[in-house]
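Please put together the full structure from these sequences, using the hints given.
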Amino acid sequence: MMLLLSKRIFLNGPASEGSNLEETAFLFQHLDCSRIFAGDEKFIADIVRKGRTVISDFNTTEISDCSDIRRRYFFPRGPLSDEEKQFPIAFAINVYQDYNYIELALSAMYSPQNQYCYHIDAKSDPLFKNRMKRLSECFPNVHISPEAYSVDSRGFNTTRAFLACFRQLLAANAAWKYALTLQVHDFPLHTNLELVRILNKLQGSNDVELREWKHPMPKWMSWDFVDLNILPNSNLFRGKEALNISKGSVATSLSRAFVEFAVTSIDSTVLLKQLDSFTIADEIFFATINHNLALNPPGGYPGKCLLKGTQLLKPWISRFAIWEGYKIKCRSKQWRHTVCLLGMEDLSTLSNRKELFANKFFPTFDFGAAQCMHELLFNRTYLPQQYPSQVDLTYYENLASVKYLQWRAGASQGEQYNCSYCSDCLH
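According to the UniProt record's numbering, the sequence shown holds residues 1 to 427 in order.
Everything labelled a hint here was simulated from the structure, so no lab data went into it.
Among the hints, erroneous ones may be present.
[Stated by the list, open to error] Listed next, the in silico DSS-like pairs over lysine-lysine satisfying Cα-Cα at most 27 Å (straight line):
id: 1; residue 1: Lys304; residue 2: Lys354
id: 2; residue 1: Lys177; residue 2: Lys201
id: 3; residue 1: Lys177; residue 2: Lys85
id: 4; residue 1: Lys329; residue 2: Lys177
id: 5; residue 1: Lys85; residue 2: Lys354
id: 6; residue 1: Lys214; residue 2: Lys85
[As the list claims (entries may be wrong)] Label pairs and their calculated CB-CB ranges:
id: 7; residue 1: Gln334; residue 2: Pro218; range: 23 to 29 Å
id: 8; residue 1: Asp82; residue 2: Asn418; range: 35 to 41 Å
id: 9; residue 1: Asn418; residue 2: Lys133; range: 31 to 37 Å
id: 10; residue 1: Glu260; residue 2: Asp82; range: 21 to 27 Å
id: 11; residue 1: Ser34; residue 2: Asn418; range: 43 to 49 Å
Note that beta-carbon positions come from the ideal geometry of N, C-alpha and C, so glycine has one too.
In structure tokens:
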């Protein structure tokens, strides 16, 4: 059963057209989120001692109708600003369970001009699939990928699932500017307006993590462009030029031009089949395509700018996560696959992060943490005078990927790019 909301406010303008304004809520009555974000350790410890708020898909077998969904959370009927109207965003999201959490996360990042595509794991429970189908029927900009792959924790079929959503998003009648790749337990750290302003600063560059691939390659595998048939309609490659393998997170922010390139110009068949041999296949595809400039990927970045043996990495903003061994403390002290499960103890860390999304929020561990993030974003969206934006846009316009595209636009023929790095990167 979903928890009740309280503290209702009224909206004016396009967001409220056709809405029942009394359905709008901005506080969860069972949580004092302001004290949690302030890092009140005694208050948080008392909540944890009494028991965290948790929720499971198995609490109910009902499939909500659209009015129930809109009663639980506010979904604006129109763009909240001209700025957002002119810059729609697309989201490709791989999911497999936790419907109630997905509904909360969608409401936290929902705008009617955006496009949302969910790929549902082929192994998912039938009830979950039916609830997701009903959710998509309630919103014309929420889509379910007609292609359903069986995805696993080692990354098998993750990239195919994203590419399936890309095809769905490109087929939608919408001029979205960027596509973000997400997984089920990601949650936004910024309002839609903040996301628009940040992505605008990328100026067409892609935000894709760049890390060194350190694993040995089977000798029978060929990474030559010709053998991979990776650009079948191009005559760029005549010799034995090979693909340089990179790795990076599955969480990316990709320009529309790159998405179109990945779907319509790249033939990923052979490459993905070879990547199936690796346990982290999902971390290779986008990082490799984006950082092999021989392919001429729109918004790409030179893979040579990975300095081996150094901690000075290319800054990356698409996702925040606390891994074991990071200098940032996992205050919940709970882990899954060496990644921190974010709880109420971690919210003071999250409230002003520069990344776009955070992972992992588990509703069966601490649903209240996600509810408080939802409340914070709601307040920053609809009560900006009381909850002003904390985003420093100068950080994003100085990212290495943005600087590279600026250099490339004015570079003379044969000029070599001098790789630049962040001395205090986010990760």
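Problem set entry | Earlier hints that do not hold, by number | Failing hints, ascending: 4, 6, 7, 9.
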